[in-house]
Structures are given as structure tokens and as C-alpha cells.
Amino acid sequence: MKYLFVLPLCLLAAPLAAQSTTPADLVAQYSAEAGTEASADRGRDLFLATHTGGKPDTPSCTTCHSPDPKAMGQARTGKPIDPLAPSANSERFTDLKFVEKWFGRNCNSVFGRDCTAAEKADVVAWLSSL
Amino acid sequence: MTDATAPDIPEQKEQVRVWDIWVRLFHWSLVACISAAAVTGFLLGASWIALHIAAGLAAVALVLARIVWGFFGPTHARFADFLRTPSEILSHLKGKDAGRHLGHNPAGGLMMLALMAVILMLGMSGLVGLGGALRTGPLLSLPYATGEVGLELHETLAVLLLVMVLAHVAAAIFESRRSRENLVRSMVTGTKESRPGDHTSYPVQAHPRIAILLIAILAGTAVLLTEADTQTPMGVPVAELDETFMDECTACHLAYHPSLLSGTEWRSIMADLEEHYGEDASFDTETTKQITDWLLAHDASNVQTRPAHLFAGNLRPSNGSMTETRAWNHLHEDVSNERFLRAPVYSQANCSACHKDAEAGWFSPFHIRIPKETSK
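Just so you know, the protein sequences line up as chains A and B, in that order.
Take the first sequence: its position 10, counted from the start at 1, is 10 in our numbering, and no numbers get skipped.
Take the second sequence: its position 33, counted from the start at 1, is 33 in our numbering, and no numbers get skipped.
Just so you know, the hints here were simulated from the structure itself, not pulled from any lab data.
A hint or two may mislead.
Unchecked claim - In the SDA-like style, the derived pairs of lysine to any residue whose C-alpha atoms are separated by at most 25 Å in a straight line are: (1) A:K101 <-> B:H330; (2) A:K79 <-> A:D25; (3) A:K97 <-> B:T250; (4) A:K79 <-> B:T287; (5) A:K55 <-> A:G104; (6) A:K101 <-> A:A28; (7) A:K79 <-> B:I210; (8) A:K70 <-> B:F26; (9) A:K55 <-> A:E119; (10) B:K372 <-> B:R342; (11) A:K79 <-> B:A65; (12) B:K96 <-> B:G197; (13) A:K55 <-> B:K96; (14) A:K55 <-> B:S364; (15) A:K55 <-> B:C252; (16) B:K356 <-> A:A75; (17) A:K55 <-> B:K94; (18) A:K79 <-> B:K96; (19) A:K55 <-> B:L273; (20) A:K55 <-> A:T116; (21) A:K79 <-> B:K356; (22) A:K97 <-> B:C252; (23) A:K70 <-> A:G35; (24) A:K79 <-> B:T325; (25) A:K101 <-> B:K356; (26) B:K372 <-> A:M72; (27) A:K79 <-> B:F340; (28) A:K79 <-> B:M111; (29) A:K97 <-> B:F340; (30) B:K356 <-> B:Y277; (31) B:K289 <-> B:F340; (32) A:K79 <-> B:G320; (33) B:K356 <-> B:Y346; (34) A:K79 <-> B:M187; (35) A:K101 <-> B:C252; (36) A:K97 <-> B:W22; (37) A:K55 <-> A:L130; (38) B:K94 <-> B:E227; (39) A:K79 <-> B:K94; (40) B:K96 <-> B:T244.
Only chain B is shown next, with the shape it has when bound in the complex (with noise of 0.2 Å):
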């Protein structure tokens, strides 16, 4: 057979069963989650975590699920079909292999792998911040510095993978031209047209029902690592608020979590309530002295939280707002200022109306209701 007899094959090629329909649903359910977890993660505010977070670990979970039909799904599943050694790679991009590769071709082989690999270590990152830093999920007692290192890494892969998507639809695009079949249909439909000179690949059964078992065994772990979820996480807050300090404190603001600042600075707003932002707040000294204390004994260098590591010690020496820092601005760019000064917000100090549980000291992004405008 030889290429000068193509233009003579019959209108209607024959077809082969190139892709199963495990491996087509995993596709295109990957393309969903990834496209939820990234419009969520690149585009949508904060208050969006608990989709992010959803289609993230949907997204792990159907990687580890093709990982195994990898070993057990039929021909092209596998990974023997598509991972090839470097210089086969090499070959196949220098144009030296000859030949239609049914499954994916050895560059895209590669790229299967890596996109697999990038997306395991998203989500494991992933877990690593909300444990770390938001002190939530399977890994919620990990020091908070941990959980910031695995945020970094998280954005940095997620930027990655979405270099990587471009470039596996740029090519998905590129080889269908290059070969003139379409391969995004293919992954709909699971067949290409058989063409005289294509690879062989070794026909190989597929093992389902081992597949299925150790799918089962992979979801029953995952459901006992959440399980973990529910014990309290060190490093948050727990202390009841002091009597006094509600008392007075709460007559004019919210009350503002003693971890939310480090106790230099506690001490510093402490000794000047006469020009207490902007007000006379001042006490009897005795009072003074056990609401000091009581925030002393309870700042920031008692918890793990995120607000605890942004806000404290980054105040301007002369008893600024928390408003004012770099953290607290990156972190409410979405929200504009008109939308704080309306009812019913009304003030960039009144964190309590859209963070349900700020006076708790936690700012978790899964309690952050941002209130409907009122008319006052």
C-alpha cells in the first residue's frame, strides 16, 4: 500500500474504535472541572472557594480514576500505548517516525502524562494552602507557613496548566490539520477512519472490574481523609471574647479579634484611646490595663490564621487601620469603595456585615456574604 493509492479509497472509510467511552467521559468531565476550577480561581472573588474547591478535587479525582484505567482500560487507555522514551519522542517531533499514531502520538503521550502530573500536584497544593492557611479541609493543622508556601505553588501551576491546555488545543488543532481528520470529533465519537500505514498497536482486553475496585478503594480513602475535616484544627482561635472587652469595645465597632494584631500593636492603640481613629474611646485606667492584658494574652502570636499572618505587624506605626495594608486592600480590590460606604455596610470597619464569622477571628472565605444594597 502506498500513499498514491489514497485518492481511490471508497467515500466511506472504515472506522475504528480509537477511544472507549471511559476514557472520552473522563475528557470532557475534565474539561468542565477545569474550567470551573479556573474561571472560579483566575476570574471570581474569593466568596466562589467552595466551587473552586469542588470542581479542583472533581478534576484529582478523575485523574487518579484514568491513572488506573491507564493500567487496565483497553488498547489506547493505556499508558504502555502512549508513554514512549525520549528519543522516540524526539523522532516522532523531528518527523522521522512514519505512520499514523491512532491513540496519542508519543509528544502527546508526554503531554498526557504531564498534564496529569500538573493537575495532582494543583490539587495537592491546593490542600496544602486551605489546610495551611485557611486552616480547612484534610490538612487543616499544618503550620501556616506551609499553607502559604502551597497557595504560591498552587498559582504558580495553575498559571502552568493553563499554558499547557493552550498548548494541547493548539495541537489537538495543528494534527488535524496536519493529518486532515478531526480529532475533537474523534474524542465525541471515539472512532477515526482506519488508513492504510497507521501504527499497530497490540489489541489489549480491558480489566473493568479491577479498575472498578481500586477506584472504590481510591474514593473510600478519600472519604476517610475528609473525614479528618471535622476534628478542631490547631491554631485558631478558640477563647471566648472577654466580658469587658465586648462590652466596651463593642459599644462603637465590632469586636475585632485580639488575633487579628500582634501585641506591640495592641499595646500602641491600647495607650492612645484618646485619638482613637479619629475618636476620643478612652477608659478608666483600670479598665484599660484588663482589656490590654486580655488582648495581650490572646494576639496574633497565638494563632495560625490567615488574617493573623497578613494584618498583624504590618500597621503603620501610628496606630493605622487594617484597612490600609497592602493585604486587606489586594484582598478587597473586587469590592469598590461606594459599595462599602452604602447601607448596609457602611464602613470598611464593619468587616462583621459581609464575614459572618470575623468576630470569631477566622475570615474564612466559605463565610464571606457580600449583603444586597439597601436603602439605609
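Same shape as in the complex, but just chain A (with noise of 0.2 Å):
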């Protein structure tokens, strides 16, 4: 009887948390969901590779990302981007709803698809052991 109080609260506070998750937590729920152990060196290779598939302007992530994902980056407005790495910038991988914003917009961008759990799993996981 208590959660029906607990947890309508717990989802209230949710977003005004502004840690939702960690690093850590985001490779292993990605990776529960793809069913694979997180390969950071996958996720390396996905980072730094030329894409097709996805829109002419972003054939990488690395087109707006540093390819030093502890330096800025560049949105192609000419706006900086924030170190992509958690240890050059602690808020990276904190706010899940971000994360997946994101990645939503930005696999679209350079594949042209969602990407997969596995492919998040790596990713986060070569970013945050750097």
C-alpha cells in the first residue's frame, strides 16, 4: 500500500534529479538489453568510423564530436560542444532522457537508423574508460 504513495512521488521527483543515471548503470542497462557484454573497443571503432547511410553533412560522429572525446567539440552552427567523456566533463551519462534524446537524434543523423542497444553499450563504455 505504501508504494502506491512512494512511487507516484519517486516519478515526480524523477526529472528534477539531475542524476538520473550513471555511466555505469547506462552500459550495463544497455547491455542487459542487448544481451551482450559492452565492448569499448567496438564502441571505439563506431565512434571514429565514416558512416553512410545518414545525412550527407554528418558521415561521423566524430563531423561534431572531437575526435578526442575529452576535447570540444563543434556543431557545425559553430557552437562548442562539451567533452563527450565522463571524465573530462562529469555530466556526461547522467540524465537518461538526454542520453536517449541524443542518441536518437544523432544516430539518425550519421546512420540513418537508431542505433542498437549493443551499439550504445559500446560506446558509453569506450567513452566512460577514457
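Make the complex out of the two chains shown on their own, each in a separate frame, by following the hints.
Here it is as C-alpha cells:
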């Protein structure tokens, strides 16, 4: 009976809490979803490779994010993008909704499709290993 | 006295005072102001607008002071000395009025009147354009369309003035040769040699005190008019930027002000966020609706700014970019494409790199600062 009160409160409070997840939790969550172990090496290759199938202006993650995830990136508009590696930017991979929004947009821009849970697990694993 | 005596006149000829010190100061100050206004207006870009306006307003002030002096100055400074009837001007041009005019000749007098009139109209049309189109200055609440008319008129008058100045200079050279005297030097020294057969003018006394009083009243009125500048102009964007709009849209680009585009264009852009200028920028439905509603409530139809009239409604139908519009390219033709691509600008989409007021939707020429190139 108690849960009926506590649960909605938790759900309401969730967006308020900046820290809704951690890089490690995300890797675990995506790996579980994919049913495979995450691989930082595969994540690195995916991140640095040039892809086809997406939008012509954004063939790679590195079009906007720096090939060095500890460095600042830059959007095509000239606007700087904070580093992706959690070691350089502690806010990375702490907000599930934010992470999902950007995987959703950017995978479509670069690959022309959604990323698989395995791909997300690999990339987050690589970025948080740096 | 006949022309036959002319060669016998001794070397040191008698000099008469023609142009008083104020007329000469006026003339050469006006040359400086008109030159500065012409160079900044015709040749230099929008970032020189402050100097252009200062030079133009100074020219107007000089002309107004000269008009006062035209009523209260000494002999040759007065309108009465050089403004003639059309028949007198015609007979002068036909060479029928013998003898030299020490002051302006009848044709020159007409040119003086025309130059003063055109300079005053230039100042007025400039202020109308500044107020209506750029929402600055004493006329800052005029409708935008009126401002546009002012700017067009200003450009036409500027070309006209240029032609008139060239004619004035040509006439001075022509007359100098014809009458074998250096008219330009006379405008510096103020004197001309006295010659037999000169037209005689009835000498009149200047009234400097009355002139100064009138000029002071004019100056005071001008100060009162500029005080009006501190009002908040009508038709400028005032709404604060919506929080969701700021959070979401500025992740990738600066906050393009809602007043830059028409409601139709915003609706079209927001309906196609998956193909947003080469990237997927989609939101959940609720956020999309929230941002769209806010954009529509503050679109171009709400303001009287220049960008709201130049860009809004002019995008290509399939969500084109403002940088593809003719107006945009015309306004940026002085800036090379490389300049846009290099650090620290990087992109034509990065308005705020140079327009410090871009996110306020103004794009005032007073707030353009083109940054120095950096290595990265």
C-alpha cells in the first residue's frame, strides 16, 4: 500500500534529480537490453568511423564531436560542444532522457537509423573508459 | 574705366573682403563632413554607421547655422546677395550680365540653395530611415515601411548630392579660369582682388548676436529631440526568450529570434525537425508543440525591425536558410566566405559571432563587431 504513495512521488521527482543515471548504470542497462557484453574497442571503432546511410553533412560522430572525446567538439553552426568523456565532463551520461534524446537524433543523422542497444553500450563503455 | 586699362594695373592689386571667417569655416567644415559621410556611406560597411551619422548630422547643423547666417551675416553671406530671380539667372547663363560678381554669381547662388536643400533632405531622410527601419534616433517609432522609404530616398539624394558637388567643383574651376582668379584660394583667404566693372553689392552689417541666439535655440531644440532617443521604441522585440526554447534550441545553435521568421516559416521548420538543416533535431511531441506555440506568438508579424522585414517570408519553401536570401547576401557581400568559415566564426549560421545583439532580434548596425581571426 505504501508503494502506491511513494512511487508517483518518485516519478514526479525523477526529472528534478539531475543525476538520474551513471555511465556504469547505462552500460549495464544497454548491455542487458542487448544481451551481449559491452566492448569499448567496438565503441571506439564505431565512434571514429565514417559512415554512409545517414545525412550527407554528418558522416561521423566526429563531424561534431572531437575525435578526442576529452576535447571540446563543435557543431556545424560553430557552437562549441562540451567533451563527451565523463572524465573530462562529469555531467555526461547522468541523465537518461538527455542521453536517449541525443542518441535518437544523432544516430539518425549519422547512420540514418536508430542505434542498437549494443552499439550504445559499446560507445558509452569506450567513452567512460577514457 | 574700360578693359583697355587692365594691363596697366600694378602688380599689387587691391584686395576686397568677400567671404567672412564664418562662411569660410562653414564651407570647409561642410567639405569635411560631406566627405566623411560620403566615404562611410558609399564605400564602407555598416560597421561605420556611427561615424556616418555623426558626419551627416554635423553637416545638417552646419547648413542650419549657415541659413541663419544667410539672414544675419555680412554682405556676401546673405541670401539677398546671391539669390536671384529665374530671369536674372538665365540672363547670367547666357552671358548677358556683364561684370564680375564678387560673391556667388546668380547660377552659383542657385547651386548654394540647392546644395543646402539637398543636405537638409539627406539628413531628414536619414533620420526617417534610422528611426523607421533601424528603430534608433529621434524618429524611432515610425512604421517600418516609412523607414524603408526614407532609406531609399536617402540613397537617391546621396547620389544627387555627389553629382551636384562634382558640378560645384567643376564650376569653381571653370569660373577660376574664365575670370583668371583662384576661387578656391578666395574661399581660404576670404579675399578677392578688386577689379573695375565688378558688380557692386550694397554693404550690410552682420548681426552676430542675433545669429548666435538663433543658432543656440536651434541647438537646444536638437538636444531636446535627441532626448527622445531614450524612449523604448515601438515595434521592437521585448519578450524574454522562452526557457524551453533556450534550453533546447541553443544546444546546437544560437537562439535565433522568433521575430526573424514568419509564423508560416516557423510552423514549417518545426514540422520537419527530423530534417533540420542537415541534421535530426527532433523533440517529443509536447516539447515541439510548446516551442512552436511560443515561436508563433512572437513571430515577425509582431515587430517592426529590419530583419523581420528582410528575411521573414523570404525563405525558400522547403525550409531554406536565411543565408540564402537575397537580402542576406546583399547585406553580407563585404564579408568573404572564408572569413565566415575560419575561427572564431566558423559558420554563416553563427550570427552572434559578429552581431552582438543577434539573440535580441535587433541586428542593429551599432552592434556589429567583426572578431579578429584566431588560430582555432
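Going down the list of hints, with the structure as the test:
The straight-line distance between the Cα atoms of K101 (chain A) and H330 (chain B) is roughly 38 Å, outside the 25 Å bound, and the hint therefore fails. Note on K79 (chain A) and D25 (chain A): the hinted pairing is violated, with a Cα-Cα distance of about 30 Å set against a maximum of 25 Å. A C-alpha spacing of about 18 Å is found between K97 (chain A) and T250 (chain B), which places the hinted pair at or below 25 Å, so the restraint holds. Of the pairs offered as hints, the one joining K79 (chain A) and T287 (chain B) holds, with about 22 Å between alpha carbons and a cut-off of 25 Å not exceeded.
The hinted pair formed by K55 (chain A) and G104 (chain A) meets the criterion: a straight-line CA distance of about 14 Å does not exceed 25 Å. This hinted pair checks out: K101 (chain A) and A28 (chain A) have alpha carbons roughly 19 Å apart, not beyond 25 Å. Annotation: proposed proximity of K79 (chain A) to I210 (chain B) is violated, straight-line Cα distance about 62 Å (limit 25 Å). With a C-alpha separation of about 65 Å, the suggested pair K70 (chain A) and F26 (chain B) falls outside the 25 Å cut-off, and the hint is violated.
For the hint pairing K55 (chain A) with E119 (chain A), the CA-to-CA distance comes to about 19 Å; that is within 25 Å, so the pair holds. Only pairs whose Cα atoms come within 25 Å are accepted, and K372 (chain B) paired with R342 (chain B) is accepted, the gap being roughly 10 Å. For the given pair, K79 (chain A) sits about 52 Å from A65 (chain B) by alpha-carbon distance, which is inconsistent with the 25 Å threshold. Note on K96 (chain B) and G197 (chain B): the hinted pairing holds, with a Cα-Cα distance of about 14 Å set against a maximum of 25 Å.
In summary, the hint linking K55 (chain A) to K96 (chain B) is not supported, as the alpha carbons are separated by about 81 Å, beyond the 25 Å threshold. Pair hint K55 (chain A) plus S364 (chain B) does not hold up; C-alpha atoms about 35 Å apart against a cutoff of 25 Å. At most 25 Å may separate the alpha-carbon atoms for a hinted pair to count; K55 (chain A) and C252 (chain B) meet this at roughly 16 Å. The hinted pair formed by K356 (chain B) and A75 (chain A) meets the criterion: a straight-line CA distance of about 20 Å does not exceed 25 Å.
Of the supplied pair hints, the one linking K55 (chain A) and K94 (chain B) is violated, its CA atoms being roughly 76 Å apart against a limit of 25 Å. At roughly 74 Å between alpha-carbon atoms, K79 (chain A) and K96 (chain B) are farther apart than 25 Å, so this suggested pair is violated. For the suggested pair K55 (chain A) and L273 (chain B), the alpha carbons sit about 13 Å apart, so the restraint of at most 25 Å is met. Restraint check: the Cα-Cα separation between K55 (chain A) and T116 (chain A) comes to about 18 Å, which is no more than 25 Å; the hinted pair holds.
Only pairs whose Cα atoms come within 25 Å are accepted, and K79 (chain A) paired with K356 (chain B) is accepted, the gap being roughly 15 Å. The straight-line distance between the Cα atoms of K97 (chain A) and C252 (chain B) is roughly 17 Å, inside the 25 Å bound, and the hint therefore holds. Annotation: proposed proximity of K70 (chain A) to G35 (chain A) is violated, straight-line Cα distance about 29 Å (limit 25 Å). With a CA separation close to 22 Å, the supplied pair K79 (chain A) and T325 (chain B) stays within the 25 Å bound.
For the suggested pair K101 (chain A) and K356 (chain B), the alpha carbons sit about 31 Å apart, so the restraint of at most 25 Å is broken. Pair hint K372 (chain B) plus M72 (chain A) holds up; C-alpha atoms about 21 Å apart against a cutoff of 25 Å. A threshold of 25 Å between alpha carbons decides the hint, and for K79 (chain A) with F340 (chain B) the separation of about 13 Å falls inside it, so the pair holds. This hinted pair does not check out: K79 (chain A) and M111 (chain B) have alpha carbons roughly 56 Å apart, beyond 25 Å.
Restraint check: the Cα-Cα separation between K97 (chain A) and F340 (chain B) comes to about 35 Å, which exceeds 25 Å; the hinted pair is violated. Taking the CA atoms of K356 (chain B) and Y277 (chain B), the gap is near 23 Å; set against the 25 Å cutoff, the hint holds. This hinted pair does not check out: K289 (chain B) and F340 (chain B) have alpha carbons roughly 33 Å apart, beyond 25 Å. Taking the CA atoms of K79 (chain A) and G320 (chain B), the gap is near 20 Å; set against the 25 Å cutoff, the hint holds.
Of the supplied pair hints, the one linking K356 (chain B) and Y346 (chain B) holds, its CA atoms being roughly 16 Å apart against a limit of 25 Å. A distance of roughly 58 Å separates the Cα atoms of K79 (chain A) and M187 (chain B); the hinted pair therefore is violated under the 25 Å criterion. For the given pair, K101 (chain A) sits about 13 Å from C252 (chain B) by alpha-carbon distance, which is consistent with the 25 Å threshold. The suggested pairing of K97 (chain A) with W22 (chain B) is violated, with an alpha-carbon distance near 75 Å, which exceeds 25 Å.
Distance restraint check for K55 (chain A) and L130 (chain A): the Cα-Cα separation of roughly 28 Å exceeds the 25 Å cut-off, and the hinted pair is therefore not satisfied. Note on K94 (chain B) and E227 (chain B): the hinted pairing is violated, with a Cα-Cα distance of about 51 Å set against a maximum of 25 Å. Straight-line distance between C-alpha atoms of K79 (chain A) and K94 (chain B) comes to about 70 Å, which puts the hinted pair past the 25 Å bound. Restraint check: the Cα-Cα separation between K96 (chain B) and T244 (chain B) comes to about 80 Å, which exceeds 25 Å; the hinted pair is violated.
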